[in-house]
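Chain by chain, the residues:
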Amino acid sequence: SQTIHQWPATLVQPVGSPLSLECTVEGTSNPNLYWYRQAAGRGLQLLFYSVGIGQISSEVPQNLSASRPQDRQFILSSKKLLLSDSGFYLCAWSTGVGEQPQHFGDGTRLSIL
Amino acid sequence: GENVEQHPSTLSVQEGDSAVIKCTYSDSASNYFPWYKQELGKGPQLIIDIRSNVGEKKDQRIAVTLNKTAKHFSLHITETQPEDSAVYFCAATAIFGGGTSYGKLTFGQGTILTVHP
Chain A
1 SQTIHQWPAT
11 LVQPVGSPLS
21 LECTVEGTSN
31 PNLYWYRQAA
41 GRGLQLLFYS
51 VGIGQISSEV
61 PQNLSASRPQ
71 DRQFILSSKK
81 LLLSDSGFYL
91 CAWSTGVGEQ
101 PQHFGDGTRL
111 SIL
Chain B
1001 GENVEQHPST
1011 LSVQEGDSAV
1021 IKCTYSDSAS
1031 NYFPWYKQEL
1041 GKGPQLIIDI
1051 RSNVGEKKDQ
1061 RIAVTLNKTA
1071 KHFSLHITET
1081 QPEDSAVYFC
1091 AATAIFGGGT
1101 SYGKLTFGQG
1111 TILTVHP
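Respectively, the protein sequence lines represent chains A and B. Quick note on numbering: the numbering used here labels position 80 of the first sequence as 80, and the sequence is numbered without any gaps. So the numbering used here is basically just the index in the second sequence, starting at one, shifted up by 1000.
Just chain B, with the same shape it has in the complex (with noise of 0.2 Å):
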């Protein structure tokens, strides 16, 4: 099956800089990369996604880049804010083309991001 191994577990900025978080993923089968953002108390909340298809995907502060060759992943933030502090997590899964990860997601084990105002 899927395995998702994200980095780093933990990550500190100033506000204004900019964030990186980095995933790799080990079924080439795996064709759908989305991101998560979970607040304290609260469920995950789509950020971001990224399908196969593209390199690379970007909306406002966010973007995504995807590297199929070398199955890795990344999220970056830019101009981060203190309401950016939160547990972001990467996932992994196919959606076209079956396998055994078709419809599952497998999820990163999570980054807890801290932006000091």
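If we strip away everything but chain A, and leave its shape as in the complex, we get (with noise of 0.2 Å):
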């Protein structure tokens, strides 16, 4: 069956530091891969998504950035972190492009002091 993993679970970190999310799925090949965003109280939010190895579309103008270095690894970066970055930031994976349901992982919870 098909796994997806997110680490850390937690992160605290100043302003101004950089970031690296990690996001692995096993059990599938070739998958679609989502990084999103969810604020305290709200919905989720699409920041990147990618359709095969260094293929990445950004959904919004943001401070943060995405790479797919591996089939199955997605990373979401960042060279300085801003207060506005704090959140809930999950992956997601689907088998192919358009293809649904997505299923997504446990999420990191990012706090910038």
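Mixed in with the good hints there might be a few duds.
To be verified - Computed list of lysine to aspartate or glutamate pairs in EDC-like fashion (alpha-carbon distance at most 16 Å, straight line):
{"id": "1", "chain 1": "B", "residue 1": "Lys-1071", "chain 2": "B", "residue 2": "Glu-1056"}
{"id": "2", "chain 1": "B", "residue 1": "Lys-1037", "chain 2": "A", "residue 2": "Asp-106"}
{"id": "3", "chain 1": "B", "residue 1": "Lys-1042", "chain 2": "A", "residue 2": "Asp-106"}
{"id": "4", "chain 1": "B", "residue 1": "Lys-1022", "chain 2": "B", "residue 2": "Asp-1049"}
{"id": "5", "chain 1": "B", "residue 1": "Lys-1068", "chain 2": "B", "residue 2": "Glu-1005"}
{"id": "6", "chain 1": "B", "residue 1": "Lys-1022", "chain 2": "B", "residue 2": "Glu-1056"}
{"id": "7", "chain 1": "B", "residue 1": "Lys-1037", "chain 2": "B", "residue 2": "Asp-1084"}
{"id": "8", "chain 1": "B", "residue 1": "Lys-1104", "chain 2": "A", "residue 2": "Asp-106"}
{"id": "9", "chain 1": "B", "residue 1": "Lys-1037", "chain 2": "B", "residue 2": "Glu-1083"}
Keep in mind the hints are simulated off the structure, nothing from the lab.
Put the complex together from the two separate chains, hints included.
And the structure:
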């Protein structure tokens, strides 16, 4: 069966520090991968999605970037964190372009001080 | 792009009662509508979904209805139990036919459901 892993589960970082969040999927090949941000009390906002290695689409202008160095690995990064980057970051996968449903990991709670 | 509105934002019911959450969408090209349940500190988990070629789908105590003409869909939970307490999200996307929302889920703002024993 397929599983998705995100780490770390929680992270506290100072303003201006770099960020690297990792997501890996097991049990499937060539998945679509997604990064979402969930602000407190709000729905999920799509940040990036990837249909293959090295292929990244950005949905909103922001301080973050994403990379996909391997088929089942998706990384969310920042060179300098802002206070507004605080939130709950979720990774998800689906079986292919346009395919649903999307399956979510358990997220990373990021707090910026 | 797609816009999804979800109501109510909070819903409190007694154990055994029914709960209904409603969503409307704006993009007529959307043809896939999932519902997710999110428990505290966890990622959303799919509980039921519906495609535009059917008007209703049921899975035990959970059902979803879709009205394509009015562009709205609803989640119905019968015989609620305390373990149903969570945040519920609706979403919409196009899984065929192209369009700007193709393959991208747009979520509603969520409903906090509390079931009192």
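Now the hints, each set against the structure:
no.: 1; hint: Lys-1071(B) with Glu-1056(B); result: holds (14 Å)
no.: 2; hint: Lys-1037(B) with Asp-106(A); result: holds (12 Å)
no.: 3; hint: Lys-1042(B) with Asp-106(A); result: holds (5 Å)
no.: 4; hint: Lys-1022(B) with Asp-1049(B); result: holds (14 Å)
no.: 5; hint: Lys-1068(B) with Glu-1005(B); result: holds (15 Å)
no.: 6; hint: Lys-1022(B) with Glu-1056(B); result: holds (14 Å)
no.: 7; hint: Lys-1037(B) with Asp-1084(B); result: holds (9 Å)
no.: 8; hint: Lys-1104(B) with Asp-106(A); result: violated (20 Å)
no.: 9; hint: Lys-1037(B) with Glu-1083(B); result: holds (11 Å)
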